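Colleague: Just so you know, the protein sequences line up as chains A and B, in that order. Residue numbers 1 to 539, in the working numbering, belong to the letters of the first sequence in order. Residue numbers 1001 to 1539, in the working numbering, belong to the letters of the second sequence in order.
Quick caveat, the hints were computed from the structure, so don't treat them as lab data. Hints are not guaranteed to be accurate.
[To be verified] Straight-line alpha carbon distances no greater than 27 Å define the calculated BS3-like cross-link-like pairs of lysine-lysine that follow: (1) A:K298 to B:K1218; (2) A:K268 to B:K1218; (3) B:K1298 to A:K218; (4) A:K218 to B:K1268; (5) A:K298 to B:K1298; (6) B:K1218 to A:K218; (7) A:K136 to A:K400.
Since this is a predicted model, take the numbers as computed values, not measurements.
Protein chains: 2
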Amino acid sequence: MQGLMMDRPLLTTEIFKHALRTYRGTEIVTRMVEGPIHRYTVADAGERVAKLANALVDLGVKHGDRVGVIGWNTHRQFEMYFAVGGIGAVLHTVNPRLGPQNAAYVINHAEDDWLFYDATFAPLVNAIAPALTTVKGRFVLTDEAHLGDAGGDGVGTYEELIADKPTTFNWPDFDENDAVAMCYTSGTTGNPKGVVYSHRALVIQTFASLLPSALALKEGETLLPVVPMFHVNAWNTPYSCMMAGVKQVFPGPRLDGEGLYELLEGEKVDFSAGVPTVWLGLLQYLQKTGKKLTHLRKGLSGGSALPEAIIRGFAEHGVEIQQGWGMTEMSPLGTVNTLPPHLAELSLDDSMPYRLKAGRAMPYVDMRIVSPDGHILPHDGTSDGHLQVRGPWIVGSYYKPESETLTADGWFDTGDVATIDADGFLEITDRAKDVIKTGGEWVSSIDIENAAILHPDVANAAVIGVHHPKWQERPLLIVVRCDGSDVAPDVLTDFLKQRLDKIAIPDAIEFVDELPLGATGKVLKTELRKKFAGYELPA
Amino acid sequence: MQGLMMDRPLLTTEIFKHALRTYRGTEIVTRMVEGPIHRYTVADAGERVAKLANALVDLGVKHGDRVGVIGWNTHRQFEMYFAVGGIGAVLHTVNPRLGPQNAAYVINHAEDDWLFYDATFAPLVNAIAPALTTVKGRFVLTDEAHLGDAGGDGVGTYEELIADKPTTFNWPDFDENDAVAMCYTSGTTGNPKGVVYSHRALVIQTFASLLPSALALKEGETLLPVVPMFHVNAWNTPYSCMMAGVKQVFPGPRLDGEGLYELLEGEKVDFSAGVPTVWLGLLQYLQKTGKKLTHLRKGLSGGSALPEAIIRGFAEHGVEIQQGWGMTEMSPLGTVNTLPPHLAELSLDDSMPYRLKAGRAMPYVDMRIVSPDGHILPHDGTSDGHLQVRGPWIVGSYYKPESETLTADGWFDTGDVATIDADGFLEITDRAKDVIKTGGEWVSSIDIENAAILHPDVANAAVIGVHHPKWQERPLLIVVRCDGSDVAPDVLTDFLKQRLDKIAIPDAIEFVDELPLGATGKVLKTELRKKFAGYELPA
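The shape of chain A in the complex, shown without the other chains (with noise of 0.2 Å):
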């Protein structure tokens, strides 16, 4: 027996039209790649997204149409979000680190016809253009003035483009399942992977994401989101704000300590979204100047693993850092680790232990923990084998796939190593192929990892594993030493030691100056096997 409620779509541009009817008067400010302060409101964000679907409908912009940007988070490239999906059409946020190469794979790949783009990314798109092969034209996201040797032939400006278009559109009405965004993973092997979001399925994301056991974000509040639009839709927070009412701060491109310092406190950001490195390098210079967050309440990690010293360090300005998990296949989210009222009322260190899990699962969010053979595994915190899951905004397909993107029966297997527990909560022991394997024992390479940046001489640390001739592989400990240290491997040892079973104490450390990272800020551990290939233990 149906049901007989009305048949009406769960599109992304109600999102927007809620804002419009409920939230006119909400702040939305961008530290513009050109330098000043932009301060508008909802009201006025409503008439230029309407006036950039004018001028995209005049491109000849159709239905299910692509439209690449490459661009740092901004009012513009919000406005792009909605205008882009409002038409029906699909917007491709390309990562800007992922290089030439990858970048123009994945914009011939997507085959968008439009590129849009900051003015410090001229150089890539200039480079690459040669080798777009379906580009019909490229505006620069500024205004003429602001142009400078970023134009060129058939380049125009953002500014330019939507003028004198007018500032209401007929916003339509198609299919929920429609396409409304893509984004590349960033593999670290083989070509990057196309997701491609449906409307439905970031609508209901975002309801899931106001949940108070998830942001809970709300009216009167502030997010800066430092985790970049073009990287899973910055983790849907441009379409939570706008649902919830949220005033939202855009840095532009200061994504460093002093950039973000400023505009967390000017803007008074209650709330704040970015992986590990990007709270590792605000501690830091807030350790390195001495000054305070005044205002900051709480922030979301997620990306990799946060180490106990981030949530340490931030403790003590008040501010509670949140891990997250979700993949760019998950929209991105998969658990938000808000902790129970009877473990939230516990001191910093006896909650330590489920902070530094990565939470319980949403609604919708189905996880099954399967062994290497196959078996599915109970849900008793100790049982680790491949997390896989299924959910209503979890990856379906890639885009034009190579090779099948679910398990057999239906499953997306996320390539992480984790445990979960009876009330819910899992734990990413590693990812599947970060996994040290040795002696017939896995062990963790986050959690060494882990333990060796709580060591005030640490800056950074990763963990590969090397061959060993009789353990098969044994832990190499990669270390960024804090400015001016020369503390000694032996004394990061015995650190070790303290916290560690002995299967996991690394054979070797070494020193570099700094980790590669990969294009959303995670250590690429590829580039580390290269650098330490062949390397070989001590005996």
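Start from chain A and add chain B according to the hints.
Modeller: This is chain B only, laid out in the frame that chain A set:
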């Protein structure tokens, strides 16, 4: 271009599964119809829901079959919500206040196969049993020991039915547009009309209900739903609580001030929900006994306009009574009046004009105001007209309808007259059929009632229009005086003159001992119109 996300249905089953994996220990407390307090956890409920699902399948209940229930808010009816919906059958919640004729009508119209009911309603069911054309069997929501004279030929008990069944069930996937529940509106004219809720509609509404701008219920909190489970799924709260990990306290048959007070205090309830008559009853109990509410923080009021006196009365106990607006046809939530920060921080007096409005529309609830001649009116806070709505949890068609449910362009006419202001605040001026049309102008019966009830001698009030030779209609105010009061009509008229426009001052005031209430606790103006038919206004 289609999105490429997983095709996973939004089933209410997933809410249940989410609670079981995340909030196992959360309590569910019931004041049983048998008298004692029953107390168990979500994990316990999970086992009993599985037992009931197995029992229903063994009975032969198939996907899409209707199962009727006439019951108080108890853990047993709660279990039916998830077991019946989880197997893909449809729970038809029957309002016992419909009266025998309508109860038989709706059970036959819905074609219920099985009927479950509390012992309280055995006389009603026994009386209508011969008229029921589709019911194959009946179960009283109790155990053998407490069946008493509620039993009879072919009547079983709930506890016996589920006693020996397995505590696990393999919950099936099916189309999210399939029906999960039915509820008939208690229309004042014609036959009751059936609304068939889909899983999709209730799931999306559940997400929306938990927004910070709506109920914002969170883990660790406690809700007591006074609003009955037999009416629009207790405003969806069983689903909302299970998604958020909120302790539920079911009041069973004791909805009087004392009964509610005991549970609110004893179970440390944070949040409650009910119609204004329930709030009024509790307030009068508090005033009579001098008792204080020490824990309750917030109450949601809906179903009819919330009188200012109730807001003020509870504010003295530190309780914020918040208005919502919805309908059976809207699953039921349309608005929840959560004030934005700049209004919430005002004094009670200064914020009162906003507290008396219905609030702002939830995301995905489209609203429009239509003039009697069919023009769409502006959202300017003054243009009033017929309120029409559209959205994914709004009725598309009644069950086996006798006429068109929607307008020609696909909107549902709510039967309310309303204004919407530029910030999205909805104000229900009146029910379209209750508006008093006087000399070419409309006067709101609700405005007069709300003004009258502010007088300390007025316990309750209702206004109807009566024929006037010159003005077509004029208002008649019908008042229930407080115990012991003998306040005179001219005193009340003077009181109203300070608060209302001249055109709204009633031409006459009549006193009655009580007002006739309908099946959902609303004043039955049709009864008042009958009682005062031919009423002659003073010259």
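Colleague: Need the status of pair K298 (chain A), K1218 (chain B): alpha-carbon distance at most 27 Å?
Modeller: OK: K298 (chain A) and K1218 (chain B) at ~17 Å, within 27 Å.
Colleague: Given the hinted pair K1298 (chain B) and K218 (chain A), is their alpha-carbon gap at most 27 Å?
Modeller: 17 Å, holds
Colleague: Within 27 Å, alpha carbon to alpha carbon, are K268 (chain A) and K1218 (chain B)?
Modeller: 25 Å, holds
Colleague: Would the pair K136 (chain A) and K400 (chain A) pass a check requiring their Cα atoms to be no farther apart than 27 Å?
Modeller: 22 Å, holds
Colleague: Regarding the pair K298 (chain A) and K1298 (chain B), is the alpha-carbon distance no greater than 27 Å?
Modeller: Holds, because 25 Å separates the two Cα atoms, which is no more than 27 Å.
Colleague: Is it true that the CA of K1218 (chain B) sits at most 27 Å from the CA of K218 (chain A)?
Modeller: OK: K1218 (chain B) and K218 (chain A) at ~14 Å, within 27 Å.
Colleague: Given the hint that K218 (chain A) pairs with K1268 (chain B), does the C-alpha gap stay at or below 27 Å?
Modeller: 25 Å, holds
Taken one by one, the earlier hints all hold for this structure without exception.
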